[in-house]
Amino acid sequence: MTAQTNVPSLLSRTGAVSVLTLAALGGTMLVPGATSEAEAATRAVKALKIAASKEGSPYRWGATGPHRFDCSGLTLYSFKKVGKKLPRTAQQQYNSSRHIAPSQRRKGDLVFFHWGGYVYHVGIYAGRGKIWHSPKTGALVRLERIWSPSVMYGRVS
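Take 62 as the starting number for the sequence shown in the numbering used here and just add one per residue.
Rather than coming from a laboratory, the hints here were simulated on the basis of the structure.
Keep in mind that this is a model prediction, so the values were computed, not measured.
For each residue, glycine too, the CB sits at the ideal point set by N, CA and C.
Worth double-checking, as some hints may not be accurate.
Unchecked claim - Cross-link-like lysine-lysine pairs, in silico, BS3-like; alpha carbons within 30 Å at most:
#1 Lys107 with Lys142
#2 Lys110 with Lys142
#3 Lys110 with Lys191
#4 Lys141 with Lys110
#5 Lys107 with Lys168
#6 Lys197 with Lys141
#7 Lys115 with Lys142
#8 Lys191 with Lys115
#9 Lys107 with Lys197
#10 Lys197 with Lys146
#11 Lys191 with Lys145
#12 Lys107 with Lys191
#13 Lys107 with Lys145
#14 Lys146 with Lys168
#15 Lys197 with Lys115
#16 Lys168 with Lys197
#17 Lys197 with Lys110
#18 Lys145 with Lys110
#19 Lys197 with Lys145
#20 Lys115 with Lys145
Stated by the list, open to error - Using C-beta positions, here's what the derived DEER-type ranges look like:
#21 Gly178 with Trp208: 28 to 38 Å
#22 Trp176 with Arg206: 25 to 35 Å
#23 Glu100 with Ala200: 27 to 37 Å
#24 Trp176 with Glu100: 32 to 42 Å
#25 Gly199 with Glu100: 29 to 39 Å
#26 Gly117 with Lys168: 26 to 36 Å
#27 Lys197 with Ala99: 32 to 42 Å
#28 Ala99 with Thr198: 32 to 42 Å
#29 Ala113 with Arg149: 18 to 28 Å
#30 Gly123 with Ala99: 28 to 38 Å
#31 His160 with Leu204: 18 to 28 Å
#32 Glu205 with Arg121: 12 to 22 Å
#33 His128 with Ser97: 11 to 21 Å
Full structure from sequences and hints, please.
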């Protein structure tokens, strides 16, 4: 009998099971409203594709789409289209994301550019050291190599 077949019998005998018991048995616990890692990854890749579809859209400070964007407006718009709500600014998006190590980054993660403790820019990781972003006044949404070592990564869950 596998550990996972034991979990239902534990639940039926005791009426409840602790998270620690589930972990010991290798079971999983579903929390209403929670998103699995696989669902979050799929959603993030879809958000990445939405950002890429906005290639060539002009930058406009404070704009959140659908035709003009600033940096955090592009990330907000892209994730909103896949059902995830992000705060408005790059700093707020950093504060609300799950921070991850550079070695854990994957397509669809947010890339935050910072100076000291201040986050001043955000894009969506596209793989191979590149991001989709809306860079600055006079520029267009584009795919670009990450140009600074002063970046942090966040995952939208």
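Hint by hint, here is what the structure shows:
As the CA atoms of Lys107 and Lys142 are separated by approximately 9 Å, the hinted pair is consistent with the 30 Å bound. With a C-alpha separation of about 11 Å, the suggested pairing of Lys110 with Lys142 holds against the 30 Å cut-off. Of the pairs offered as hints, the one joining Lys110 and Lys191 holds, with about 14 Å between alpha carbons and a cut-off of 30 Å not exceeded. A threshold of 30 Å between alpha carbons decides the hint, and for Lys141 with Lys110 the separation of about 13 Å falls inside it, so the pair holds.
With a C-alpha separation of about 10 Å, the suggested pair Lys107 and Lys168 falls inside the 30 Å cut-off, and the hint holds. The hinted pair formed by Lys197 and Lys141 meets the criterion: a straight-line CA distance of about 22 Å does not exceed 30 Å. Only pairs whose Cα atoms come within 30 Å are accepted, and Lys115 paired with Lys142 is accepted, the gap being roughly 13 Å. Restraint check: the Cα-Cα separation between Lys191 and Lys115 comes to about 16 Å, which is no more than 30 Å; the hinted pair holds.
Taking the CA atoms of Lys107 and Lys197, the gap is about 24 Å. The hint holds against a cut of 30 Å. Simply put, Lys197 and Lys146 have alpha-carbon atoms about 23 Å apart, close enough for the 30 Å limit, and the pair holds. For the hint pairing Lys191 with Lys145, the CA-to-CA distance comes to about 22 Å; that is within 30 Å, so the pair holds. Distance hint between Lys107 and Lys191 is fulfilled; the C-alpha atoms sit about 16 Å from each other, no more than 30 Å.
Between Lys107 and Lys145, the direct Cα distance comes to roughly 11 Å. Compliance with the 30 Å bound is thereby established for this hinted pair. Taking the CA atoms of Lys146 and Lys168, the gap is near 18 Å; set against the 30 Å cutoff, the hint holds. Distance check on the hinted pair: Lys197 and Lys115 sit about 15 Å apart at the alpha-carbon level, within 30 Å; holds. In summary, the hint linking Lys168 to Lys197 is supported, as the alpha carbons are separated by about 23 Å, within the 30 Å threshold.
Distance check on the hinted pair: Lys197 and Lys110 sit about 21 Å apart at the alpha-carbon level, within 30 Å; holds. For the given pair, Lys145 sits about 15 Å from Lys110 by alpha-carbon distance, which is consistent with the 30 Å threshold. Distance restraint check for Lys197 and Lys145: the Cα-Cα separation of roughly 25 Å lies within the 30 Å cut-off, and the hinted pair is therefore satisfied. About 18 Å separates the Cα atoms of Lys115 and Lys145, which keeps this hinted pair within 30 Å; it holds.
For Gly178 and Trp208, the Cβ-Cβ distance of about 20 Å falls outside the hinted range of 28 to 38 Å, so the restraint is violated. Between Trp176 and Arg206, the C-beta spacing of about 19 Å breaks the proposed range 25 to 35 Å. Between Glu100 and Ala200, the C-beta spacing of about 33 Å keeps the proposed range 27 to 37 Å intact. Look at Trp176 against Glu100: about 34 Å separates their beta carbons, and that is inside 32 to 42 Å.
For the pair Gly199 and Glu100, the supplied restraint of 29 to 39 Å holds, since their beta-carbon distance comes to about 38 Å. Our hint of 26 to 36 Å for Gly117 and Lys168 is violated, since their Cβ atoms are close to 21 Å apart. Checked against the given bound of 32 to 42 Å, the beta carbons of Lys197 and Ala99, roughly 35 Å apart, stay inside it. One distance hint, 32 to 42 Å for the beta-carbon pair Ala99 and Thr198, holds here, with the actual separation near 38 Å.
Under the hint 18 to 28 Å, the C-beta atoms of Ala113 and Arg149, about 22 Å apart, fit the expected range. Roughly 35 Å separates the CB atoms of Gly123 and Ala99, a value that falls within the hinted 28 to 38 Å. At roughly 24 Å, the beta carbons of His160 and Leu204 sit within the given window of 18 to 28 Å. Restraint check, Glu205 to Arg121: a C-beta distance of roughly 18 Å satisfies the suggested window 12 to 22 Å.
Distance hint for His128 and Ser97: a CB-CB separation of about 33 Å, inconsistent with the stated range 11 to 21 Å.
Hint check: violations occur at hints 21, 22, 26 and 33; the rest are consistent with the structure.
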